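These protein sequences, in sequence, are chains A and B. Position 98 (the first sequence) corresponds to 206 in the numbering used here; numbering is contiguous. Position 714 (the second sequence) corresponds to 874 in the numbering used here; numbering is contiguous.
It should be emphasised that the hints constitute simulated quantities derived from the structure, not laboratory data. Any given hint could be a false lead.
Stated by the list, open to error - Quick list of simulated restraints, FRET-style, between CB atoms:
1. A:Arg182 / B:Arg304: 40 to 50 Å
2. A:Arg259 / B:Gln766: 50 to 60 Å
3. A:Ser264 / B:His796: 52 to 62 Å
4. B:Glu391 / A:Glu301: 46 to 56 Å
5. B:Gln766 / A:Arg182: 54 to 64 Å
6. B:Asp692 / A:Ser225: 12 to 22 Å
7. B:Thr360 / A:Pro181: 46 to 56 Å
8. A:Glu194 / B:Ala307: 16 to 26 Å
9. B:Asn418 / A:Ile211: 14 to 24 Å
What the hints assert, rightly or not - Which stretches of chain A does chain B cover? Using the computed rule of at least three CB atoms under 8 Å from a CB of chain B, they are:
10. 174-181
11. 218-224
Please read these numbers as outputs of a predicted model, since none were measured by experiment. Glycine included, every Cβ here is placed at the ideal spot set by N, Cα and C.
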Amino acid sequence: MHNEQFNNRNVSESYFLVDIEDYPTDGWGRFKRVVKRTFRGELFVGLWVVLREMIKFDIHTIQYPQEKMPIGPRYRAVHEMKRLWESGTERCIGCGLCEKICISDCIRIDTKIDENSRKEVSEYSINLGRCIFCGYCAEVCPELAITHGGRYENASEQREHFVMFEDMLTPIDALKAGKQLEFEGFGAITPHEDERVKKTPLSY
Amino acid sequence: MEKLIHFTIDGISVEAKKGETILTVARKNDIYIPTMCYISKTTPCASCRMCVVEVKGVEGFVLSCNTPPVEGIEITTNTKELENERTNIMKLYDVNHPLECGVCDKSGECDHPLECGVCDKSGECDLQNKTLEFGVSQQNFSARDQARKIEHWGLINYDPSLCILCEKCVHVCNEVIGDDAIEVKFGGYSSTIIPKNSDTLDCTFCGECIAVCPVGALVSSDFKYSANAWELSRVPATCAHCSGGCSLEYETRHVGINGNASIYRVKNNFEFSSLCGAGRFGFDFDNHALRDEHAFLLAIKAIQSAKAIRFSSMITNEETHILQLLKEKLGIKLFNEDARVYQEFMKAYSSISGKKHHSGSLDAIKLSDAAIIIGSRIATDNPAVRYALTTAAKHNGAKVVYAHPIEDALIQNTVTQFMKYEVGTEEGVMALLANAILKDADLSQEERAFFDALDLGYLEAESNIGHEEISLMMHSFARAKNRVLIIGNDLIAHERALNIAKLSALIEKYSDFSLVIVPNEVNTLGVSLIADLDKDEDIIDVVGYNAKGNFIISSLKFANLAVASLNQQEGTFVSIDNRVLPTNVAVAFNGYTLNELASACGIVSQNSIDYTTKLNKNSGFKNIGFDFLENFLSPHGDDNRGYLLDEVTCKMNGAIESVEDLPEFNGTVIYHSNPVLQFNAYTNIAKQLEKDNALRGSAQFAAAAKISDGDRIEIQFGSKMIAREFKLDSTLKGTIALNPVFDDVVDASRYKFEKSKIMRVSHE
Chain A
109 MHNEQFNNRN
119 VSESYFLVDI
129 EDYPTDGWGR
139 FKRVVKRTFR
149 GELFVGLWVV
159 LREMIKFDIH
169 TIQYPQEKMP
179 IGPRYRAVHE
189 MKRLWESGTE
199 RCIGCGLCEK
209 ICISDCIRID
219 TKIDENSRKE
229 VSEYSINLGR
239 CIFCGYCAEV
249 CPELAITHGG
259 RYENASEQRE
269 HFVMFEDMLT
279 PIDALKAGKQ
289 LEFEGFGAIT
299 PHEDERVKKT
309 PLSY
Chain B
161 MEKLIHFTID
171 GISVEAKKGE
181 TILTVARKND
191 IYIPTMCYIS
201 KTTPCASCRM
211 CVVEVKGVEG
221 FVLSCNTPPV
231 EGIEITTNTK
241 ELENERTNIM
251 KLYDVNHPLE
261 CGVCDKSGEC
271 DHPLECGVCD
281 KSGECDLQNK
291 TLEFGVSQQN
301 FSARDQARKI
311 EHWGLINYDP
321 SLCILCEKCV
331 HVCNEVIGDD
341 AIEVKFGGYS
351 STIIPKNSDT
361 LDCTFCGECI
371 AVCPVGALVS
381 SDFKYSANAW
391 ELSRVPATCA
401 HCSGGCSLEY
411 ETRHVGINGN
421 ASIYRVKNNF
431 EFSSLCGAGR
441 FGFDFDNHAL
451 RDEHAFLLAI
461 KAIQSAKAIR
471 FSSMITNEET
481 HILQLLKEKL
491 GIKLFNEDAR
501 VYQEFMKAYS
511 SISGKKHHSG
521 SLDAIKLSDA
531 AIIIGSRIAT
541 DNPAVRYALT
551 TAAKHNGAKV
561 VYAHPIEDAL
571 IQNTVTQFMK
581 YEVGTEEGVM
591 ALLANAILKD
601 ADLSQEERAF
611 FDALDLGYLE
621 AESNIGHEEI
631 SLMMHSFARA
641 KNRVLIIGND
651 LIAHERALNI
661 AKLSALIEKY
671 SDFSLVIVPN
681 EVNTLGVSLI
691 ADLDKDEDII
701 DVVGYNAKGN
711 FIISSLKFAN
721 LAVASLNQQE
731 GTFVSIDNRV
741 LPTNVAVAFN
751 GYTLNELASA
761 CGIVSQNSID
771 YTTKLNKNSG
781 FKNIGFDFLE
791 NFLSPHGDDN
801 RGYLLDEVTC
811 KMNGAIESVE
821 DLPEFNGTVI
831 YHSNPVLQFN
841 AYTNIAKQLE
851 KDNALRGSAQ
861 FAAAAKISDG
871 DRIEIQFGSK
881 MIAREFKLDS
891 TLKGTIALNP
901 VFDDVVDASR
911 YKFEKSKIMR
921 VSHE
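The shape of chain A in the complex, shown without the other chains:
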């Protein structure tokens, strides 16, 4: 491989200087420029383009908020809390790593022991007003419980509206209807992981 194309740092070959008029230096010159710019027909050029496209009836504008663009799986919008497919229980085990790693310190979690001697999350709160959507919490989560969803609209009358664990948790009816979308973004397991995972000696 030749490195000539990288070594040639002479940029002037494909570059050219834009022909810009000199700036006016005196008051008369500035006055002339204002008059010239004011009475040029550029406004009508723009209006003509809009009118032309309108008459064609071939509009590509997304009718937001009625219509929304599909969003990539790696997009980091408001968090979602996932459930286990088999049992429907919350995936969150309350380890508190998301709280610990959060660089804007907006996650608080409170846990307790439940009647089955297991750790139970009693309260979970994300202050989306502080959240910078960095995605660390989703990345650190050992259970793939907290992920980022595609819900990017954060407008509300009160910031408190967006910090409820229950709001982020997959509704149980949505899970039962098989509508929980598995996160495919960063930190998610790769597809067909089952076939590639090594067996442990305990698999008898």
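Place chain B on chain A using the hints.
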């Protein structure tokens, strides 16, 4: 001079004293040998086999934890084979260990739990740390997993599937605490820890097993899953429940999502020190009262017009100093009977011994091989002394003589000779002991005359201590090198306390016994060294500071002005070791402090701790500021907490008096004694501690008092009448019942035996 053993570890030449093992020497020289089951304060468990080392010329591996070195050997701690052996041990430990690190309470005690793999900061879970240390990333061993039930033992939860059978808990329970309540149920892979001779755990719930557990198998049921280790901030402090002055760390965190800081748990340096259950579980006695300006103004008025201030010994040295300044400025009296009787006792002691402080300490008890404990139900009065005695008995084979009118089942395992004397005859008992101990001592003429004049026959008959008992004791002590005499509150609060003090001073002065005089409350000793106390009078216009009075300033309920509890204050205590120990603020307090009150009365200071340097120098306090007091044990277990009081010499102008006629206590006698884990009104409000305030007595007592189990009764003694429930206690014998005082119905400083009248109110 003891002979030293010279040998080398990893090429470094080291020396060992007799009794030291390879591991202890290595640790002393900062040579790292990994262990899982080793704990400094017990004998080696030798169950983990991680501490193996190689000795040149010896085939196979040697366990460094229980092998003493011999002259000239060459030890290697780190070879490929050793590494391999240790890694395999770790792999075996990891077999079927539930992958619960995410929720386990022991997981990741460091600032960056995500970097455990590269972090060298010690984690809380030994298993997690060592697994990462040895890089165990795959499992070559397997075993069929078993269903194991999580056990709920009151304050303690046990999860057998997390347990790695290191046996630390069993060793500590048996050798240091003395409860001997748990044991290993051997059964190969299905081995577990089980309560000894019982279906459920029946012990004093010191929680030491929780502290030493290297994994999350034994945990506090209250703390479990409530917080992660890395969220808790640690506040080094001193326990505020008894005079043992145990070091502890309050661990605090915000409550829930937006709550204020609160204490979540208490931890201690379990490697070298111990903590009883009151310290470990009775931490939530902080005062949540709000600032009340009106009450503050009333309090100032009350203090300025008061004739006296009555206060309890649950107080810091600095606040005592403030009270003393108030006394000097306002010309009022200071009442604190508990500290006053201690002060009087120590004064009489000093007048013979010529020094201000008793010579013994908890460490002296731990190292002793002969101990007499007299006049205290020590297991509940001061667990720190009990643990020290247990350590001495188990590790040095110490002979422990327990002299008391009531037997105590809790220290049955420790005590080698129970010496039962009649209630009230403490002076006679002390005279008999002193007579036996000082038989061949070089006494002065008057002192010899005192012993010659003793009517031994009368004393023996009245106190019910036979000649054989004393000679048995002397016989068993004959070969002892480190002897200690422990004096309890029954002697300090006794009518003839002054003469008893002089007798104990004689024993200390003329024999090799060291002496420990157990203070009754947290800072009884400190108060007695700082305040100039007056004899309590039943007058009006008394301001009570954490005590009874016409105007009560208290950190408990029913206060006219609320002040901070001891876990909300900084200051110092003086412990049983004559050590000045700092304590810190674990939880913030919003209200007023005594210092603000004093400042309003003209004794101005920015903080209470400004007085730390001004404490009574005549009592041995040093000129060291609070902020310069350390509060930690070194990695080798050296005590770096606070400072020891300076020795103060006193005039030896006391003379021993002849023994008075011994009193008799007939009929139904009660003994003011708290149940396990209860000490005072503060332990009484701790959520986790059991609060059983029933009068407990034997079947014999029940028959004598004509009451039966479950009866509601009224107890009358002196001018007092209290209502209690009666409970039969099969561990008790004799005709003395135990009456708890932690719920503050009885002044705990009085002589604890009481002639009483018991009436049945209703039968259940």
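For the hint 16 to 26 Å, verify it against the beta carbon of glutamate 194 (chain A) and that of alanine 307 (chain B).
holds, 20 Å
Is 46 to 56 Å right for how far apart the beta carbons of threonine 360 (chain B) and proline 181 (chain A) are?
With a Cβ separation near 53 Å, threonine 360 (chain B) and proline 181 (chain A) satisfy 46 to 56 Å, so the hint holds.
Has the hinted range 12 to 22 Å been met by the Cβ atoms of aspartate 692 (chain B) and serine 225 (chain A)?
violated, 56 Å
Arginine 182 (chain A) and glutamine 766 (chain B) - C-beta distance against the hinted 54 to 64 Å
Given about 57 Å between the Cβ atoms, the range holds.
How does the Cβ-Cβ distance of arginine 259 (chain A) and glutamine 766 (chain B) compare with 50 to 60 Å: does it lie in that range?
Check passed, 54 Å falls within 50 to 60 Å.
Using a Cβ cutoff of 8 Å, are there at least 3 residues of the region 218-224 of chain A near chain B, or does the coverage claim fail?
holds (count 4)
Just tell me: holds or violated, for the beta carbon distance of arginine 182 (chain A) and arginine 304 (chain B) against 40 to 50 Å?
Taking Cβ atoms as reference, arginine 182 (chain A) and arginine 304 (chain B) lie about 42 Å apart, which means the hint holds.
Could one say that the CB atoms of asparagine 418 (chain B) and isoleucine 211 (chain A) fall in the range 14 to 24 Å?
Holds: the Cβ-Cβ distance is about 20 Å, inside 14 to 24 Å.
Indicate whether the distance between the beta carbons of serine 264 (chain A) and histidine 796 (chain B) respects the range 52 to 62 Å.
holds, 59 Å
Per-stretch coverage check for the region 174-181 of chain A, three Cβ contacts closer than 8 Å to chain B
Our answer is that it is violated, as 0 residues pass the Cβ test (under 8 Å) against chain B, missing three.
Is it true that glutamate 391 (chain B) and glutamate 301 (chain A) lie within 46 to 56 Å of each other by Cβ?
violated, 32 Å
Violated hints for the displayed structure, listed by number in ascending order: 4, 6 and 10.
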